[in-house]
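Kindly produce the complete structure, drawing on both the sequences and the hints.
Protein sequences appear in the order of chains A and B.
Per numbering that gives the first Met the number 0, the very first residue in the first sequence carries number 0; after that it's consecutive.
Per numbering that gives the first Met the number 0, the very first residue in the second sequence carries number 0; after that it's consecutive.
Wrong hints could be hidden among the right ones.
Below, simulated DMTMM-like cross-link-like pairs (lysine to aspartate or glutamate); rule was C-alpha separation at most 25 Å, straight line [said to hold, decoys possible]:
1) B:K196 / A:E129
2) A:K51 / A:D94
3) B:K196 / A:D94
4) A:K71 / B:D219
5) B:K147 / B:E119
6) A:K153 / B:D209
7) A:K104 / B:D207
8) A:K104 / B:D219
Partial chain B-side listing against chain A, Cβ under 7 Å, derived [as the list claims (entries may be wrong)]:
9) R194
10) A203
11) Q206
12) D207
13) L213
14) M214
15) G215
16) I216
17) T289
18) T290
Don't read these hints as lab results, they were simulated from the structure.
The structure displayed is predicted, hence computed values, not measured ones.
A virtual CB, placed ideally from N, CA and C, is assigned to each residue, including glycine.
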Amino acid sequence: MLEIKQMVVAYGRVNAVKGIDFTVEKGQVVSLLGTNGAGKSTTLRAISGLLKLVSGEIWFEGERIDGLPAHKIVERGIAQSPEGRRLFRQMSVEDNLKLGAYSRKDSSGIRSDMDRIYDLFPVLGERRTEAAGLFSGGEQQMLAIGRAMMSQPKLLMLDEPSMGLSPIMTQTIMKTIRDLQSDGVTILLVEQNAQAALSLADRGYVLEVGHIMFSDTGAALLGDDRVKRAYLGAD
Amino acid sequence: MELFFQQLINGLSLGALYALIAVGYTVVYGIVQLINFAHGEIFMIGAFGAFATWTVMGRPADWPATTALLVLLPLMMIGGMVAAIAVAVATERFAYRPLRGAPRLAPLISAIGVSVFLQELIRLFFGTNPFIPSSSWPVRIPGWPDAKSAVPFPSVTGISGEIISIGGVTIQMPAVFTLGALAICTVFLWYFVNRTKTGRAMVATSQDPDTARLMGINVDRVIVSAFAVGAALAAIAGVAHGLRYGNIDFRMGFLAGLKAFTAAVLGGIGNINGAVVGGLVLGVAEAMATTFIPGQFGSSAWKDVWAFVLLIMVLVFRPQGLLGAKVVDRA
Chain A
0 MLEIKQMVVA YGRVNAVKGI DFTVEKGQVV SLLGTNGAGK STTLRAISGL LKLVSGEIWF
60 EGERIDGLPA HKIVERGIAQ SPEGRRLFRQ MSVEDNLKLG AYSRKDSSGI RSDMDRIYDL
120 FPVLGERRTE AAGLFSGGEQ QMLAIGRAMM SQPKLLMLDE PSMGLSPIMT QTIMKTIRDL
180 QSDGVTILLV EQNAQAALSL ADRGYVLEVG HIMFSDTGAA LLGDDRVKRA YLGAD
Chain B
0 MELFFQQLIN GLSLGALYAL IAVGYTVVYG IVQLINFAHG EIFMIGAFGA FATWTVMGRP
60 ADWPATTALL VLLPLMMIGG MVAAIAVAVA TERFAYRPLR GAPRLAPLIS AIGVSVFLQE
120 LIRLFFGTNP FIPSSSWPVR IPGWPDAKSA VPFPSVTGIS GEIISIGGVT IQMPAVFTLG
180 ALAICTVFLW YFVNRTKTGR AMVATSQDPD TARLMGINVD RVIVSAFAVG AALAAIAGVA
240 HGLRYGNIDF RMGFLAGLKA FTAAVLGGIG NINGAVVGGL VLGVAEAMAT TFIPGQFGSS
300 AWKDVWAFVL LIMVLVFRPQ GLLGAKVVDR A
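In structure tokens, the structure reads:
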């Protein structure tokens, strides 16, 4: 479904991603792991069209999409919930969700998808007219995911959805990701919480300073000594 | 007391003119963090666009009030808006968009260049027109005036020169027109920003452009619509200015633009309501200063001084402006 070939992305003159290859198959949950500065968020921003590639290619459903403007990439079916949630904090829950559906024109479909998100996250439905900035971190994360879902994406990219959340909230978010997968959404997940990310993942890629060091199935990486030492805090 | 109300009305109508222009500064700043110093010239182009429309219509004069108000005035306003929007959108495309990623100073200098360019363009277009190919030089569009000095603005029956009196307070009809135009535009803007998809996209882009892109918003198009909305309001202000003062000239955008920019900062730049409030406050402050400050400091020659003193005081004591951003936030 998504194929990254020899992708190089730079901030200014510094290459943050130095020629990576990976693929996401339809229906999978794929995790990108790595420490701060490994290039995970840069990778997602490049796929979304917010950053230009220095070289390499991005293919989505058989078509090359690198070089397209960001709004065209959303229209193709790739949504992103960015790092730090980036909600429109002064706008209501409802307005945030409506903006998530900006690329769509079917108002009845938008309405019913919005109701689905309120069913999924009741707290958002109960307080739908309140400003997004007034919600707790976990609730804001739910809204960020809900907002990304409003474009009816084929591929949903989540950047650090567990950041700053309590362990219980993290579990709720991870369960939501699992539910979305069983609804047929393909997910590319960037996480620092390797334990949570890998237990969900069909496939994981480990990034270090702009390179993919190794990859395997989620289960295999959970058992891998190198991953355990570097990311799971085992010795 | 009568004098106070008289000056209040004078100040509000002057302030309404500033407010209509100020919205353009604030909308564009809110989205691209650019102080569009050519916006005063967009206001001037609006006035000349209305004037050109009148000229093309065969310079109708002495129409009865009904046709003047229902046909002539709307056509002049539309002509002014079309001209102003076309020039503003072209300016964005060719002078600002190529500099989008450049340091902040570059588009600012570009804006100053555009400002001078547009002034000269109008001066030459209405004077010796360089766009008409001819062997004899200089060439003049037949029947068009020279814009090197002030051009008399067409009078509209029912507005130009008319006054109404309430108690002892005299209100000129152009002032009523300006205040009415501001009221209608404010309602329109509120609806546009809060109820239309493009308006919501504009607010989202001003809050967080990258995330707006992730929502599927075409940010380039949002920026163009911000310039267009600002230009439309500036054009209405241009017509109001022409009706109020009876003539227009290619330099009129400079001081009016500077005052409107002051109004935008006064209200809190980036905040649309702030631009309206800032404009009205500035207009009233000018009118009051020339009346109630004693001696020569209260003469009308000093009104610009007091306007900019107000600006400096706001920048020092309340830099976010009168209606500075309301922060709804929780970590």
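Hints violated by the structure (listed by number, smallest first)
2, 9, 17, 18
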